[in-house]
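Novice: The residues making up each chain are set out below.
2 protein chains.
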Amino acid sequence: MTATNLSPSLSALLERGTITRTLGLDIQKLDKEAGTLEVHYTATNDFLNPAGQVQGGMLSAMLDDVTGILVLAMVEPEGFGSTLTLNVSFIASAKPGLLRAKAYFERQGNSVCNVRGEVWQGETLVASASAVCMIRRMR
Amino acid sequence: MTATNLSPSLSALLERGTITRTLGLDIQKLDKEAGTLEVHYTATNDFLNPAGQVQGGMLSAMLDDVTGILVLAMVEPEGFGSTLTLNVSFIASAKPGLLRAKAYFERQGNSVCNVRGEVWQGETLVASASAVCMIRRMR
Chain A
1 MTATNLSPSL SALLERGTIT RTLGLDIQKL DKEAGTLEVH YTATNDFLNP AGQVQGGMLS
61 AMLDDVTGIL VLAMVEPEGF GSTLTLNVSF IASAKPGLLR AKAYFERQGN SVCNVRGEVW
121 QGETLVASAS AVCMIRRMR
Chain B
1 MTATNLSPSL SALLERGTIT RTLGLDIQKL DKEAGTLEVH YTATNDFLNP AGQVQGGMLS
61 AMLDDVTGIL VLAMVEPEGF GSTLTLNVSF IASAKPGLLR AKAYFERQGN SVCNVRGEVW
121 QGETLVASAS AVCMIRRMR
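Listed in order, the protein sequences are those of chains A and B.
For the record, in the first sequence the residue sitting at position 108 is 108 according to our numbering, with numbers rising by one throughout.
For the record, in the second sequence the residue sitting at position 18 is 18 according to our numbering, with numbers rising by one throughout.
Please keep in mind that the hints were generated in silico from the structure rather than gathered at the bench.
Source: prediction; values computed, not measured.
There may be inaccurate statements among the hints.
Claimed, not checked - Pair ranges (Cβ atoms, derived):
id : chain 1 : residue 1 : chain 2 : residue 2 : range
1  : A       : 33        : B       : 32        : 27 to 37 angstroms
2  : A       : 33        : B       : 51        : 23 to 33 angstroms
3  : B       : 77        : A       : 138       : 51 to 61 angstroms
4  : A       : 134       : B       : 45        : 41 to 51 angstroms
5  : B       : 114       : A       : 15        : 32 to 42 angstroms
6  : A       : 52        : B       : 95        : 51 to 61 angstroms
7  : A       : 16        : B       : 123       : 24 to 34 angstroms
Unchecked claim - Over 10 angstroms on every C-beta distance to chain B, these chain A residues come out as not near it, computed from the model:
id : residue
8  : 5
9  : 14
10 : 28
11 : 33
12 : 34
13 : 38
14 : 61
15 : 64
16 : 79
17 : 88
18 : 95
19 : 100
20 : 116
21 : 121
22 : 136
As the list claims (entries may be wrong) - To give an idea of the chain A side of the interface with chain B (calculated C-beta under 8 angstroms), a few residues:
id : residue
23 : 42
24 : 45
25 : 65
26 : 89
27 : 92
Every residue, glycine too, gets a C-beta built ideally from N, C-alpha and C.
Extracted from the complex, chain A is given alone in its bound form (with noise of 0.2 angstroms):
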């Protein structure tokens, strides 16, 4: 995983997941200002429905792990996301290889922030995601 301008404890956190490494997490560029996220990811063949195309679900944990990443990042060091609810559309079916994935922080509330997710093959929009996260102060 490359740590690109996400803050040292962050990468820490993510390091310390084993999904991370499952996903083939790859950070590509944190814009706190504008809210966003792009990061890589890498389908296996570990990930394949009967038909060959990466699985639905392994799409949505993409999704789950770009939003969520993203919620850490725009709510530390103070506050800590866990997601609530992941609303996934599968629009197209992506193969094995490298997935574009990016997430936009689309509202902070008090308790909850709402942030949209996508993940991308090519030029193609392979799936998209709306998750909302309960945000839990630690200080």
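Based on the hints, put chain B in the right spot on chain A.
Specialist: Just chain B now, with coordinates in the frame of chain A:
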């Protein structure tokens, strides 16, 4: 994977998907009359978020799997299902190990069907989902 009362053709189809092994799918009981499917999954140490819990996205992958298999079982042999949307609620945290999942076939229309899924660990409901699946006719 135990192919308990799944049709041989559906069992063979599922065996072609690597996601079956990745999620540790073990079919327990298909009841086509009731429209229900019970399966087991095994959450491995590769599925964990930084808190050491099963990442919500991997629970979503299980919910996509169990609902998708029930749809295939209900519409075979002439139909084939593709999931359009998966709306997941995360309810409790789960540890690595055995997870029990159940899917309920709620409604079959001409071109779409509605399915609900649950993932349990012990006596705790960990996550639930509603899926909308498109049904395509092969013949």
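Novice: Min Cβ distance, residue 42(A) to chain B: is it shorter than 8 angstroms?
Specialist: violated, 14 angstroms
Novice: Classify the label on residue 14(A) as holds or violated, using whether its beta-carbon is more than 10 angstroms from each beta-carbon of chain B.
Specialist: violated, 6 angstroms
Novice: Would the least Cβ to Cβ distance between residue 28(A) and chain B come out above 10 angstroms?
Specialist: Non-interface label on residue 28(A) holds, nearest chain B Cβ at 19 angstroms vs cutoff 10 angstroms.
Novice: Can we trust that residue 33(A) is non-interface, i.e. its beta-carbon lies farther than 10 angstroms from all of chain B?
Specialist: holds, 25 angstroms
Novice: Find the nearest Cβ of chain B to the Cβ of residue 38(A) and say whether that gap is larger than 10 angstroms.
Specialist: holds, 18 angstroms
Novice: Could you tell me whether the CB distance from residue 134(A) to residue 45(B) stays inside 41 to 51 angstroms?
Specialist: The hint (41 to 51 angstroms, Cβ to Cβ) is violated, given that residue 134(A) and residue 45(B) are roughly 26 angstroms apart.
Novice: Compute the least Cβ-Cβ separation between residue 100(A) and chain B, then decide whether it is above 10 angstroms.
Specialist: With a cut-off of 10 angstroms, residue 100(A) remains clear of chain B, as the shortest Cβ separation is near 17 angstroms.
Novice: For residue 116(A), is the shortest CB-to-CB distance to chain B above 10 angstroms, so the non-interface label stands?
Specialist: Residue 116(A) clear of chain B: closest Cβ-Cβ about 14 angstroms, beyond 10 angstroms.
Novice: Taking the closest pair, is the beta carbon of residue 95(A) still more than 10 angstroms from chain B?
Specialist: holds, 13 angstroms
Novice: Is residue 5(A) truly not at the interface, in the sense that its beta carbon sits beyond 10 angstroms from all beta carbons of chain B?
Specialist: holds, 19 angstroms
Novice: Quick one: are residue 33(A) and residue 32(B) within 27 to 37 angstroms, going by C-beta?
Specialist: Hint violated: Cβ distance 54 angstroms, outside 27 to 37 angstroms.
Novice: Quick check on residue 89(A) please, does its C-beta sit within 8 angstroms of some C-beta on chain B?
Specialist: Holds. Min distance 5 angstroms.
The earlier numbered hints that this structure contradicts are 1, 4, 6, 9, 14, 15, 17, 23, 27.
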